[in-house]
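> So the chains spell out like this:
There are 2 protein chains.
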Amino acid sequence: MAKERSSSATLLPQGVYIVSTGSVVGPKEGEGPLGTAFDRVWPDEGKRFSSYEKAEQQLLNEAYEVALEKSGFDWSDIDLVLGGDLLDQTISTNFTGRQHQRPLLGLFAACATFTEALGLGSMLVSGSNARDVIVSASSHHLTAERQFRFPLELGYQRPPTAAWTATAAGAAVLSKDAGPIQVRAVTFGRVIDAGGRDPNDMGSAMAPAAFDTIYRHLASTRTRTCDYDAIVTGDLGYFGLDMLKVYAQESGLIFGVELQDCGRLLYDPTTQDTHNGGSGPGCSACVFAGPLANRLVRGDWGRLLLVATGALFSPTTYQQGETIPCIAHAVELVAV
Amino acid sequence: MAKERSSSATLLPQGVYIVSTGSVVGPKEGEGPLGTAFDRVWPDEGKRFSSYEKAEQQLLNEAYEVALEKSGFDWSDIDLVLGGDLLDQTISTNFTGRQHQRPLLGLFAACATFTEALGLGSMLVSGSNARDVIVSASSHHLTAERQFRFPLELGYQRPPTAAWTATAAGAAVLSKDAGPIQVRAVTFGRVIDAGGRDPNDMGSAMAPAAFDTIYRHLASTRTRTCDYDAIVTGDLGYFGLDMLKVYAQESGLIFGVELQDCGRLLYDPTTQDTHNGGSGPGCSACVFAGPLANRLVRGDWGRLLLVATGALFSPTTYQQGETIPCIAHAVELVAV
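Protein sequence lines, in the order shown, are assigned to chains F and A. Counting from 1, one number per residue, gives the positions in the first sequence under my numbering. Counting from 1, one number per residue, gives the positions in the second sequence under my numbering.
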């Protein structure tokens with residue numbers, strides 16, 4: 001009984017709405033197949049800043065600005081900011097907090113941070129006196145690569161399973177006031193470690209976590225995959241999404257055309273040389289805050305399950321020979 | 001209006017209780033003035049493990065175990081785990097998640113992580129169908145020092161303002177079911193950067209953030225400092241707590257004997273050579289989960305305001321010459 005209760009989705013009976021979103025991306029993301037769906041595309045990775053860490057902070061700041069502008073809210077209307085990023089001690093989110101000066105809750109779930117923030121923010125709006133909340137996630141290719149893998153100047157070869165950390169930020173304003181997208185349910189992930197060790201193949205490592213969360217969400221909400229117009233993971237990429245389908249099939253769960261992945265959608269596989277696709281907290285954040293939110297707002301889709309996935313390792317754990325624990329958080333969204 | 005609303009404390013009208021706590025510390029913390037108040041004291045820093053990172057995970061795991069044991073709950077009763085630590089990508093909390101297998105929300109607010117988790121967990125228990133939640137924070141002297149400052153083997157001199165990262169973990173089980181301590185209100189901090197740059201003087205950098213959060217909490221709950229049996233910050237230490245008193249006095253806020261600090265309380269200043277006192281997410285977590293919770297449970301205190309403080313920098317931002325943004329989250333607790 002207790003076990004069943006605690007594995008289940010949290011339904012949000014009181015209306016929680018996404019009033020607006022903001023997506024700001026780098027030039028490579030702008031040149032990809034989704035390019036026209038983002039609010040702002042930077043012409044370069046932010047070379048006007050004295051460091052790319054500062055560029056990432058500005059990217060995030062602009063995502064906040066765009067989302068707020070569209071919502072008609074001011075910063076002073078915002079009760080809480082929830083967000084995170086990939087950098088050590090989540091400095092992008094924390095340093096950007098110096099500017100907005102609203103109460104800030106720092107989160108970390110690697111590339112699953114956006115749905116952790118969206119789910120948690122929705123629960124707070126639903127159940128507390130936090131009325132208007134902004135959630136976010138960001139990443140920057142140049143800050144993440146040198147922190148997690150190698151400095152780009154090294155010119156190392158990337159294996160086909162490697163993902164490309166996106167230069168991107170996404171934000172969403174949540175409110176009790178009606179908006180075009182309603183948050184209906186949230187399923188937070190548990191840590192799943194299937195024994196993957198390769199930081200250049202995080203898609204395969206994360207697929208079991210995505211499966212676990214999707215399975216628990218469907219079971220506890222008594223829905224089937226075909227009840228959704230889209231189930232979009234992030235960031236499993238090419239290898240990971242194929243593995244997810246295999247795991248699902250083995251458990252009798254059938255995905256149809258509704259299954260997609262933010263990492264696959266963000267870049268053109270034939271011309272952009274990103275191998276397994278996009279990754280980084282900013283990937284699912286910008287893909288949701290731009291193109292996916294647009295499809296809900298326009299009414300192309302009625303119901304979306306967004307399942308961002310994260311690989312919870314660090315360079316230290318990799319160097320110590322540890323496996324890679326992973327997590328996926330799911331948020332169910334419906335067009336109003 | 002909006003501004004006033006959004007700066008205010010969140011009151012928890014529906015009862016949220018701390019059912020039990022667990023505190024596990026290293027040998028130095030055990031030899032300090034609070035030593036007898038902790039649930040478990042390790043005889044060494046965890047040298048039986050192949051890495052101190054693994055030792056920190058076990059420390060945290062034991063804090064969970066102790067808290068659960070005292071509560072009478074099983075892991076299967078727990079709906080959500082909320083917690084964080086100081087290590088890059090919060091690996092201590094995330095890797096420990098491989099064992100408990102409950103839905104996990106990773107948080108980061110540096111040394112303020114415990115009150116972020118406690119406040120957020122309380123709001124979720126109050127306002128959602130998450131009935132039983134466990135919150136935690138941890139740190140380990142040997143993992144943190146080599147990540148943030150220098151490897152200990154270097155034998156560098158510590159300035160008098162430097163804090164000593166505690167080897168400690170604290171956890172608390174929150175529930176809608178009545179328990180000995182009630183969580184009455186939460187005030188989340190905003191990022192305050194007063195321009196401090198010295199990673200060896202975080203107490204001074206964090207004092208303005210502590211002041212801001214305490215001031216906002218008192219103003220919005222219409223309470224005075226003397227309404228609390230204790231207001232305990234963490235981890236301002238000797239220099240930071242004195243600065244907090246100065247800032248307060250300048251704004252007409254008077255603290256009496258009720259003001260204390262987890263970092264000051266944890267070690268003996270005359271014999272333990274920790275200079276400014278303890279720090280690290282585990283410091284306020286273990287001081288609360290051990291001695292402070294005991295005083296509420298025994299009825300020595302009726303009302304406590306716990307205000308953990310965090311310095312939100314990283315070695316990267318320090319090396320880039322950035323100032324240190326800080327934050328403080330406050331949780332108001334009453335003996336039942």
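Do not rely on the hints blindly, as some may be mistaken.
Unchecked claim - For lysine to aspartate or glutamate, the following EDC-like pairs were computed, each having C-alpha atoms within a straight-line distance of at most 16 Å:
hint, chain 1, residue 1, chain 2, residue 2
1, A, K54, A, D74
2, A, K54, F, E322
3, F, K176, F, D77
4, F, K54, F, D44
5, F, K47, F, E65
6, F, K54, A, E322
Just so you know, these hints were derived from the structure itself, not from any lab.
> Evaluate each hint against the coordinates.
Results for each hint:
1. A/K54 / A/D74: Violated, at about 23 Å.
2. A/K54 / F/E322: Measuring from Cα to Cα gives roughly 10 Å; hence the hint holds.
3. F/K176 / F/D77: holds, 13 Å
4. F/K54 / F/D44: holds, 14 Å
5. F/K47 / F/E65: Violated, at roughly 21 Å.
6. F/K54 / A/E322: Judged against 16 Å, a Cα distance of about 10 Å means the pair holds.
Of the numbered hints given earlier, the model fails hints 1 and 5; all others are met.
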